[in-house]
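The whole structure should be built from the sequences, with the hints applied where relevant.
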Amino acid sequence: MKINDVILQAVAKVVVFIILTLGIYLFFSGHNEPGGGFIGGLVLASALVLLFLSFDIESVKKGIPVDFKKVAALGTLLAVGSGLGALFFDAPFLTQAFSYFDLPILGETELATMMIFEAGVALAVVGVVGTIILSISEDV
Amino acid sequence: MLTLNLAIMIPFLVAAIIPFIYKKLTRIHIGWFVFAVSLLLFIYLIRYVPSIANGETYINIVEWIPSIGINFTTYLDGLSMIFGLLITGIGALVILYSIYYFDLDEDLHSFYMYLLIFMGGMLGVVFSDNLMVLYLFWELTSISSFLLIAFWFHRKQSRYGAQKSFLITVGGGIAMLVGFIMLYVMTGTFSIQEILPLVSELPAHELFIPAMILILLGAFTKSAQFPFHIWLPDAMEAPTPVSAYLHSATMVKAGIYLVARFTPIFGGGEIWFWLVTGVGMVTMIWGSFNAIRQTDLKALLAYSTISQLGLIMSLFGMGSAALYYGYSADSVFYTQATFAALFHLVNHSTFKGALFMVIGIIDHEVGTRDIRKLGGLMAFMPVTFTIALIGSFSMAGLPLFNGFLSKEMFFTAVINISQLDIFSLNSLGVLFPVVAWIASVFTFIYSLIIVFKTFFGPYQEEKLEHEAAEPPIGMMISPGILAVLVVLIFFFPNVIGYYLLNPAMGSVYPGFGTTVDLGQNITAWHGFNTELWMTIGVVITGVILYLLLRYWKGIFKLFPDKWTFNTLYDYSLTQIESSSTAITKTYMTGVLRDYFLYIYIFFVGIIGITLFYTGAFSFDMSNDVPISIYEWIMVVVMMVAGIAILFAKSRLTAIVLNGVLGYSISVLFVLFRAPDLALTQIVVETITTVLFLLCFYFLPEWKKESNGVKTKTVNLLISISVGLTFVLVALSVQHNKLFETISGFFEDAYELAGGRNIVNAILGDFRALDTMLEVVVLLIAGIGVYSLIKLKAKKGGPNSEN
Chain F
34 MKINDVILQA VAKVVVFIIL TLGIYLFFSG HNEPGGGFIG GLVLASALVL LFLSFDIESV
94 KKGIPVDFKK VAALGTLLAV GSGLGALFFD APFLTQAFSY FDLPILGETE LATMMIFEAG
154 VALAVVGVVG TIILSISEDV
Chain C
111 MLTLNLAIMI PFLVAAIIPF IYKKLTRIHI GWFVFAVSLL LFIYLIRYVP SIANGETYIN
171 IVEWIPSIGI NFTTYLDGLS MIFGLLITGI GALVILYSIY YFDLDEDLHS FYMYLLIFMG
231 GMLGVVFSDN LMVLYLFWEL TSISSFLLIA FWFHRKQSRY GAQKSFLITV GGGIAMLVGF
291 IMLYVMTGTF SIQEILPLVS ELPAHELFIP AMILILLGAF TKSAQFPFHI WLPDAMEAPT
351 PVSAYLHSAT MVKAGIYLVA RFTPIFGGGE IWFWLVTGVG MVTMIWGSFN AIRQTDLKAL
411 LAYSTISQLG LIMSLFGMGS AALYYGYSAD SVFYTQATFA ALFHLVNHST FKGALFMVIG
471 IIDHEVGTRD IRKLGGLMAF MPVTFTIALI GSFSMAGLPL FNGFLSKEMF FTAVINISQL
531 DIFSLNSLGV LFPVVAWIAS VFTFIYSLII VFKTFFGPYQ EEKLEHEAAE PPIGMMISPG
591 ILAVLVVLIF FFPNVIGYYL LNPAMGSVYP GFGTTVDLGQ NITAWHGFNT ELWMTIGVVI
651 TGVILYLLLR YWKGIFKLFP DKWTFNTLYD YSLTQIESSS TAITKTYMTG VLRDYFLYIY
711 IFFVGIIGIT LFYTGAFSFD MSNDVPISIY EWIMVVVMMV AGIAILFAKS RLTAIVLNGV
771 LGYSISVLFV LFRAPDLALT QIVVETITTV LFLLCFYFLP EWKKESNGVK TKTVNLLISI
831 SVGLTFVLVA LSVQHNKLFE TISGFFEDAY ELAGGRNIVN AILGDFRALD TMLEVVVLLI
891 AGIGVYSLIK LKAKKGGPNS EN
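Residue numbers (our numbering), protein chains in the order written: chain F, 34 to 173; chain C, 111 to 912.
Honestly, the hints are just simulated from the structure, not real lab data.
Values in this document were obtained by computation on a predicted structure and should not be read as measured data.
Each hint should be verified, as a subset may be incorrect.
The calculated lysine-lysine pairs, modelled on DSSO-like cross-linking and capped at a C-alpha distance of 30 angstroms, are [as the list claims (entries may be wrong)]:
{"#": "1", "chain 1": "C", "residue 1": "Lys-266", "chain 2": "C", "residue 2": "Lys-483"}
{"#": "2", "chain 1": "C", "residue 1": "Lys-667", "chain 2": "C", "residue 2": "Lys-266"}
{"#": "3", "chain 1": "C", "residue 1": "Lys-133", "chain 2": "F", "residue 2": "Lys-103"}
{"#": "4", "chain 1": "F", "residue 1": "Lys-102", "chain 2": "C", "residue 2": "Lys-134"}
{"#": "5", "chain 1": "F", "residue 1": "Lys-95", "chain 2": "C", "residue 2": "Lys-900"}
{"#": "6", "chain 1": "C", "residue 1": "Lys-563", "chain 2": "C", "residue 2": "Lys-667"}
{"#": "7", "chain 1": "C", "residue 1": "Lys-563", "chain 2": "C", "residue 2": "Lys-663"}
{"#": "8", "chain 1": "C", "residue 1": "Lys-573", "chain 2": "C", "residue 2": "Lys-563"}
{"#": "9", "chain 1": "C", "residue 1": "Lys-133", "chain 2": "F", "residue 2": "Lys-102"}
{"#": "10", "chain 1": "C", "residue 1": "Lys-133", "chain 2": "C", "residue 2": "Lys-900"}
{"#": "11", "chain 1": "F", "residue 1": "Lys-46", "chain 2": "F", "residue 2": "Lys-94"}
{"#": "12", "chain 1": "C", "residue 1": "Lys-695", "chain 2": "C", "residue 2": "Lys-822"}
{"#": "13", "chain 1": "C", "residue 1": "Lys-573", "chain 2": "C", "residue 2": "Lys-266"}
{"#": "14", "chain 1": "F", "residue 1": "Lys-103", "chain 2": "C", "residue 2": "Lys-134"}
{"#": "15", "chain 1": "C", "residue 1": "Lys-695", "chain 2": "C", "residue 2": "Lys-813"}
{"#": "16", "chain 1": "C", "residue 1": "Lys-133", "chain 2": "C", "residue 2": "Lys-266"}
{"#": "17", "chain 1": "F", "residue 1": "Lys-46", "chain 2": "F", "residue 2": "Lys-103"}
{"#": "18", "chain 1": "C", "residue 1": "Lys-759", "chain 2": "C", "residue 2": "Lys-820"}
{"#": "19", "chain 1": "F", "residue 1": "Lys-103", "chain 2": "C", "residue 2": "Lys-900"}
{"#": "20", "chain 1": "C", "residue 1": "Lys-900", "chain 2": "F", "residue 2": "Lys-102"}
{"#": "21", "chain 1": "F", "residue 1": "Lys-95", "chain 2": "F", "residue 2": "Lys-46"}
{"#": "22", "chain 1": "C", "residue 1": "Lys-663", "chain 2": "C", "residue 2": "Lys-573"}
{"#": "23", "chain 1": "C", "residue 1": "Lys-900", "chain 2": "F", "residue 2": "Lys-94"}
{"#": "24", "chain 1": "C", "residue 1": "Lys-759", "chain 2": "C", "residue 2": "Lys-813"}
Written as structure tokens, this is what we have:
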């Protein structure tokens, strides 16, 4: 039943990396430019969707051997857990902190605890989308 | 005293660690760690006993949700001290016992996890000063008890018992919650210690009596008072250590704690007095009467516990009469009922704990608890027999054991109370000593049954699963310690009286002078007075009735089995199930159109009509920003796509047209300079369209529904009204500002959150809780889809019902 989509597969191999790069860029730029954890996660997930569409599930699974349920759970845990950190500094749940550091190569960089939270969101999105797509498409 | 808050959390922390480490603990029994936790907490608490005995109290506040007055406040005084010591002390003994009780192949880590959650919850209940926190811990004990009763969940009876106890105790808990909220409405605070000074103004309030009754409902259900007692016998499906711990020493006493704690607030009035005393009295006699007919030793103990809880409850009720008079030198006359209640509370925990463990030993060693199969065990299990003898005779109220002391004080209390001339006691008061005496006779009889039917008489080896023998020494340590305590308390009761009971009296009667004045000297020998003659009467009558048991046992058959509260419970449960199924079937038709009908009618009905009547639909377009030509174009595109969906011939066309709608919205976002939203919309649209196409394969054929004119008219009407409401709401929103806009706050995003992207700052910083919960919802949705598709029940698979 699977048609041999040579063109789609060839394009996908390249495009997936562009999408993944875009996703990671969006994730990191989120604090000051359009982007953020949710969109970054969605774009990363759409790269996965493209892979699943152009190749069959088995080969993608072989290439990316992750359990998306665990990814989603890890992301949620990270998002919730990052809020707990504030409690140790006598601040309300989910208080975020940020500061500026002078890092080698990167120069002055802003580091914010929100990044951890956003990473959790991104992972949860990737995990959930992956889980849903895999479970629907496997149900034949 | 911050450490008290930490101490409450320790069991939860250990419970959280257990699942991660239990697999590594192969050489040491996991119970030892739990035992250590319990023992440490006990030692920690006991360090405070001397200062508590000096009348000190400790309060400590950890702010939780200060804006609505919910704080994790702990309060350590004499009353909570008694309970705290029982929870940790009996807890440690029970855990020690359980280490030897369970086979190693059982699901032990879950067991100890539940037990720790229970212990933490119970400590939270007795130490919390804040009503909401107390409620939280209260329900935690119900939940952990549910899990513990259903520990052997492959048995149908265990599941039934767990469900029953859960429904009844949680139902009462919810009533109690409403009572707490009413108390808050009356006083404006959730703190019990802050409510106490306001007590004098409360009885005039119209919510006073409803709040009292609702809180009592919580206490009565938890403490298995008549008619809510029916869950306790079924809870005996739990493993015996659980029964010993939860269903005799601690959880069921939470209700008693609640009554004691709220006596200063509600006590002194007639309704409180009659409800608490009356229910307690009825429970006491009903429980003791029914205990005699039981053939299962554990069921017998369950009814005996019900009866004893009723006794303690009624004593607290009688003690509350002292608050009617206020403090005077004569108050001791009334307060000694409360003193007796606290004393019996401690005594009951010792002897009943020991008895439960003995029954567990018997069950463990010979494989049955049925008294018709047991007999003659004395020769084989002399140590167990001794412990059982001490426990039973203490329960029967015989001298040399602590039960005698508190039972004598109980008799004193009922005699005194019958002489009061308040609350129409001058006429009804005569009943109190009579009921108390009869219940004591029954108690005496079933105590004899435990000892004599089990340990004397013929040894029926062929009916037992194993040959009778003494258990491993470890199983006898805990009941042994409790048995020793039973005797020690008899000889040195005033140690307990001074260090534990006197300070607790101060908690039940705040403002009644120093605690020392309220205390009493407990004496074993108090002369040939009425109480002693009552006891002698109990023993003589009890022995006679026990010997003649088979002649009068027939009266239990006078009540048909159908006429019990159990039948009522089962009946109402099946009725609720069948009627809710019937109701659900009428509206869950399985037709999508119907569901949309409900949603839309509700929407138009609630929002549309309400807004119409309140005149909220008002708008003025004159000040609006002009609409540009691009925006017009997009709107027209969307309208065309929307209308075209209605006429689409195939499902694929409809999906693509739907995609057009989504992408157009994202173009609109671009026009309005919201790149974040546009980006999100595009990606979401892409992924949902792909998902849609994936599902597309499995959907049934797209067929045009041929509806009648009537259906079409209804559809038309509803769609027009929904559309109209939406448009009107959207337009009116612009011109009705009830509150000041908060968007100014977000302008400082860079200074406050360090992010120039305001949307991101809102999502991750200002409203992070929203985002966090959305992530959780997303996860739940993902798991939902996964389990719906993957975990379809296989037909003809193994059935867990049995």
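>> Just to be careful, I want the Cα atoms of Lys-573 (chain C) and Lys-563 (chain C) compared with a cutoff of 30 angstroms; is the pair within it?
In response: holds, 14 angstroms
> Taking only the CA atoms, is the gap from Lys-563 (chain C) to Lys-667 (chain C) under or equal to 30 angstroms?
Replying inline: At roughly 21 angstroms apart (the allowed maximum being 30 angstroms), Lys-667 (chain C) and Lys-563 (chain C) satisfy the hint.
>> Check whether the Cα positions of Lys-663 (chain C) and Lys-573 (chain C) lie no farther apart than 30 angstroms.
In response: The hint holds at about 23 angstroms.
> Holds or violated: Lys-563 (chain C) with Lys-663 (chain C), Cα cutoff 30 angstroms?
Replying inline: With a Cα-Cα distance of about 15 angstroms, the restraint between Lys-563 (chain C) and Lys-663 (chain C) holds, given a limit of 30 angstroms.
> Keeping to a limit of 30 angstroms between CA atoms, is the pair of Lys-900 (chain C) and Lys-102 (chain F) held or broken?
Replying inline: Status holds; Cα separation ~13 angstroms.
> Holds or violated: are the alpha carbons of Lys-695 (chain C) and Lys-822 (chain C) at most 30 angstroms from each other?
Replying inline: OK: Lys-695 (chain C) and Lys-822 (chain C) at ~25 angstroms, within 30 angstroms.
>> Hinted pair, alpha-carbon criterion (30 angstroms max): Lys-46 (chain F), Lys-103 (chain F). Please report holds or violated.
In response: Given that 30 angstroms is the threshold and the Cα spacing comes to 26 angstroms, the pair holds.
>> Holds or violated: Lys-900 (chain C) and Lys-94 (chain F), Cα atoms, limit 30 angstroms.
In response: This hinted pair holds, its Cα atoms lying about 17 angstroms apart.
>> Holds or violated: Lys-95 (chain F) and Lys-46 (chain F), Cα atoms, limit 30 angstroms.
In response: holds, 15 angstroms
>> Checking one constraint from the list: CA of Lys-266 (chain C) to CA of Lys-483 (chain C), max 30 angstroms. Satisfied?
In response: holds, 24 angstroms
> Keeping to a limit of 30 angstroms between CA atoms, is the pair of Lys-573 (chain C) and Lys-266 (chain C) held or broken?
Replying inline: holds, 24 angstroms
>> Would the hint linking Lys-133 (chain C) and Lys-266 (chain C) be met if the CA-CA limit is 30 angstroms?
In response: holds, 29 angstroms
In summary, the structure agrees with every hint in the numbered list given earlier.
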